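For chain A, the structure is supplied; the task is to place chain B on it using the hints.
2 protein chains.
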Amino acid sequence: MPQQAKTTPSRPRQAADLDNWDIETDVAIVGFGGAGACAAIEAADAGAQVALFEVASASGGSTELSSAEVYLGGSGGTRVQKACGYEDSTEDMFNYLMAAGGDLAHEAKVRLYCEESVGHFDWLVSMGAQYKNSEYEERAIMALTDDCLLYTGSEKCWPFREIAKPCPRGHNLEVEGDNGGPLLMKTLTAQVEKRSIQVEYNARALTLIINPEGEVLGIVVRMDGKEKNVRARRGVILCAGGFVMNTEMLKQYCPRLVEGPMPIGNPGDTGAGLLMGQAVGGALINMDQHFITLPYYPPSSLTYGIFVNAQAQRFINEDCYHSRIASSALDQLGGKTYLIVSAEDYAHPPFMNAPIVGTGENVEELAEEVGLHPGMLRHTIEFYSEHAARGEDPLFHKSPEWLKAMPPPYAALDCTLGEGAIYAAFTLGGLDTRPTGEVLTTEKEVIPGLYAAGRTACGIPRSAAGYASGLSVGDATFFGRVAGSHCGQRSCGQRSPGSETR
Amino acid sequence: MPQQAKTTPSRPRQAADLDNWDIETDVAIVGFGGAGACAAIEAADAGAQVALFEVASASGGSTELSSAEVYLGGSGGTRVQKACGYEDSTEDMFNYLMAAGGDLAHEAKVRLYCEESVGHFDWLVSMGAQYKNSEYEERAIMALTDDCLLYTGSEKCWPFREIAKPCPRGHNLEVEGDNGGPLLMKTLTAQVEKRSIQVEYNARALTLIINPEGEVLGIVVRMDGKEKNVRARRGVILCAGGFVMNTEMLKQYCPRLVEGPMPIGNPGDTGAGLLMGQAVGGALINMDQHFITLPYYPPSSLTYGIFVNAQAQRFINEDCYHSRIASSALDQLGGKTYLIVSAEDYAHPPFMNAPIVGTGENVEELAEEVGLHPGMLRHTIEFYSEHAARGEDPLFHKSPEWLKAMPPPYAALDCTLGEGAIYAAFTLGGLDTRPTGEVLTTEKEVIPGLYAAGRTACGIPRSAAGYASGLSVGDATFFGRVAGSHCGQRSCGQRSPGSETR
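Protein chains in written order, with this note's numbering: chain A, 1 to 502; chain B, 1 to 502.
FYI, nobody ran anything at the bench for these hints, they're computed from the structure. Keep in mind the model is a prediction, meaning the values are calculated, not measured. Do not rely on the hints blindly, as some may be mistaken.
Unchecked claim - Have a look at the derived ranges for each label pair, beta carbon to beta carbon:
no., chain 1, residue 1, chain 2, residue 2, range
1, B, 222, A, 45, 25 to 31 Å
2, B, 144, A, 8, 51 to 57 Å
3, B, 260, A, 364, 40 to 46 Å
4, B, 102, A, 83, 16 to 22 Å
5, A, 227, B, 190, 45 to 51 Å
6, A, 344, B, 361, 53 to 59 Å
7, A, 85, B, 102, 44 to 50 Å
8, B, 224, A, 45, 53 to 59 Å
Claimed, not checked - Straight-line distance between alpha carbons at most 30 Å, and here's what the computed DSSO-like set of lysine-lysine pairs gives:
no., chain 1, residue 1, chain 2, residue 2
9, B, 228, A, 444
10, A, 251, B, 251
11, B, 156, A, 444
12, A, 336, B, 404
13, A, 336, B, 165
14, B, 336, A, 165
15, B, 251, A, 444
16, A, 251, B, 165
17, B, 444, A, 6
18, A, 336, B, 156
19, B, 444, A, 251
20, B, 251, A, 165
21, B, 444, A, 444
22, A, 404, B, 336
23, B, 132, B, 165
24, A, 336, B, 336
Where is the CB? At the ideal position from N, CA and C, for every residue including glycine.
This is chain A alone, in the form it adopts within the complex:
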């Protein structure tokens, strides 16, 4: 039987087959994005020797490409929430996130995240992240000023506003424009560099090293063209991002993302972390789920319009979060989505960039141009308009602030995936982990010595319908810290308790 020459994430290496350890450390971390940086800082602060391996030639990961909003609150409010006049309760935050996650939510993670969220804000500030005591009040996908606090989910929207008292929880760094990601990674990178953490760039993690009992002892990393066996006495933390850049994995798990949507991520989001974890028994869960968005605002005035499907029916309250709308739009039978607005509310949406496929002095003209049933479209617009004029939306409960009659003339934007409108996506599936970051098998047993955080793990955000901006970087930095701290304090060769009820 010939030995396979190539080392791939799916084939763990047996420690017994190694000649030697090239590098020895307590904690080995794969990936120097937001999760990896935070894991490294906490592991070092817990007294562990830490080595951080990054495939790119600089830190950053997908956190650097993001706006780096963090979704935080509860415990009476962060310093910014309080300064802006909001008192946020942990229960409201918990109830909101549980409702947003629906039956996919991980209660123990949500609970921990909500309880320690204000502490995480303070920690980020202690690392040098600066947040102004100010609110950004526009309906926006991100704050383009240096203001901090904004609504980034569907908190004020039906049905969530009936489940939990709304509160803005998106925290934007004090920086003009969409420049939060580079600033946050610069801040965290400086903190890593201040500590005696070994950082190896251009270092590709290839596969995990295990012993016959299935414990993870280290990791094989390719550096300078050579495979190096890295011994991680306390454990390995996989913070290597998601798999939105791996077309084969998208075909397997998220076929909808293979063509059409723009991937949001860095070239390292190849799923290697997921594969390495799976190869030693880690369960990949929620693999079909993804964030997908139709960034239809700004301008926020388009929120006065209505989305309709191929049947000219409305299907969503248009004031909710953009990925919730995208997710619902893509589920519609007939595969069509149009945004219909009164001309008085129309302005070109620069991010979505959807083509105008119809205009009309009246509904019938519009319907003919768009190819919708005129009688049905007339009823949909009239029914909506009549109630909206009274501040009511009996079907979808759009908030009164976005309700007004829709007088002609009209314009229709084609928001159908594949017809020109921009959709953008990243993956939400990953390794099943305890709140500590310990990786679990399908049978809910801990794999000793293995942790995951960020999009390599399946974290707080579980679906596009329940997403809020700030959940990914919030989750990655928070659970990166938890994993770093837990792994950093793990006794060498300690076997964690066997199983846990999720």
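What follows is chain B alone, placed relative to chain A:
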């Protein structure tokens, strides 16, 4: 480091750790349902020595619990299709199944299945399965007579009728009542017994046995309270069913099925086959997908009614297959589903058993009792009725044979999951396999010596929205045969070619 005492599917055993082989054979098959039986027959007919391990004390599996319809056609038609006047083309069958599978479809499997479907029919007949040259013309979930041919999917329904020429492909055994499953398993069991196949009942497969190269050499089976090491020189075929009986796995992968829907399956559908495959590197795919049905007919007269959601909107052509309707119903925002019918079409649906939540001499009375918006419900019924009277359904394209005006009085059945209506479900996720049945890693490499078929593999049926009765037993028996034949002819220690583009 203490050895783990318990042998579980997630921990493969290294061949080097064995003292001896207790049983030696060419092909070891786990599970004596439809897939396992067919795999065993073909492996034996290919000249291999075969051992079949079944955890229950008799053959059967979930095939025995089913109606055992098989979905077959193409190549001009099966003997029954031809006798009933249908000429079925392979391309129509292929196009239908590809459209039904949508972006989840596995083209190579669908292609093979369609091309060899008539041959499979003839093989089943050669095994002793009897099919009458007769058609069952009622709209039905299953034929309760001994007639054979019926429509079991959405072939005649929009949008599929525009994609492929409709043809009935469900083949029902010549037996009265819902007794196809026991008859098919009796027939196949007799064929297994005629061959020199070692059959072990009360034998629980525990975990696979591998060598350091990752090749599967055999399987550990518990018989009479003892663990037996089974050497399978040509390979192991996992035909151990799905995971609908494993609550923890449902929580992880199909949370919607944890409470509410009735599981369809046998007690052995614990996911053990999936876990064993995953533990040696097999990729579990499509794990969130499941068959789920709302068996709302018979009586077929209810098809004259309309389904509406919480917004009193229609959402589906009501003439399509029952699991397509259930799937769509469960996706509706607001979480409510009602079936509204004219009293003249009403009769109690014995399988669905949904409660009547409203009746009315007019729409307003009905709307008030049900809790729907009266103006919206009036428009929905009037718009539908007005067009239906002309044989038209401009929104959802229900077939003319099911279109007629809906005069008052009305009745409304509450079909909301959890409100009394019966939903039933089983899982469609499983090991990724080649059409041959060879199990693939996430990196699309074949795991030498490992095969899967039936619901342990991810086969032809991939979603409730695209399901048709007869696809599970059709797929299980067909791909069971393919796997048996391929594994039965595998050279001992042969390493299959490395990878394949899906």
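Tested hints:
1. B/222 / A/45: 25 to 31 Å: 48 Å, violated
2. B/144 / A/8: 51 to 57 Å: About 53 Å separates the Cβ atoms of residue 144 of chain B and residue 8 of chain A, which means 51 to 57 Å holds.
3. B/260 / A/364: 40 to 46 Å: At roughly 44 Å between Cβ atoms, residue 364 of chain A and residue 260 of chain B fall inside 40 to 46 Å, so the hint holds.
4. B/102 / A/83: 16 to 22 Å: 50 Å, violated
5. A/227 / B/190: 45 to 51 Å: 56 Å, violated
6. A/344 / B/361: 53 to 59 Å: Violated, since residue 344 of chain A and residue 361 of chain B (Cβ atoms, about 43 Å apart) do not stay within the stated range.
7. A/85 / B/102: 44 to 50 Å: Holds - the Cβ-Cβ distance for residue 85 of chain A and residue 102 of chain B, about 48 Å, lies within 44 to 50 Å.
8. B/224 / A/45: 53 to 59 Å: 56 Å, holds
9. B/228 / A/444: At roughly 26 Å apart (the allowed maximum being 30 Å), residue 444 of chain A and residue 228 of chain B satisfy the hint.
10. A/251 / B/251: Judged against 30 Å, a Cα distance of about 24 Å means the pair holds.
11. B/156 / A/444: Roughly 45 Å between the alpha carbons, so the hint for residue 156 of chain B and residue 444 of chain A is violated.
12. A/336 / B/404: 27 Å, holds
13. A/336 / B/165: With a Cα-Cα distance of about 24 Å, the restraint between residue 336 of chain A and residue 165 of chain B holds, given a limit of 30 Å.
14. B/336 / A/165: 24 Å, holds
15. B/251 / A/444: With Cα atoms ~11 Å apart, residue 251 of chain B and residue 444 of chain A stay inside 30 Å; holds.
16. A/251 / B/165: OK: residue 251 of chain A and residue 165 of chain B at ~28 Å, within 30 Å.
17. B/444 / A/6: Holds, at roughly 14 Å.
18. A/336 / B/156: 22 Å, holds
19. B/444 / A/251: 11 Å, holds
20. B/251 / A/165: 28 Å, holds
21. B/444 / A/444: 26 Å, holds
22. A/404 / B/336: This hinted pair holds, its Cα atoms lying about 27 Å apart.
23. B/132 / B/165: Since the Cα atoms of residue 132 of chain B and residue 165 of chain B sit roughly 24 Å apart, the hinted pair holds (cutoff 30 Å).
24. A/336 / B/336: 23 Å, holds
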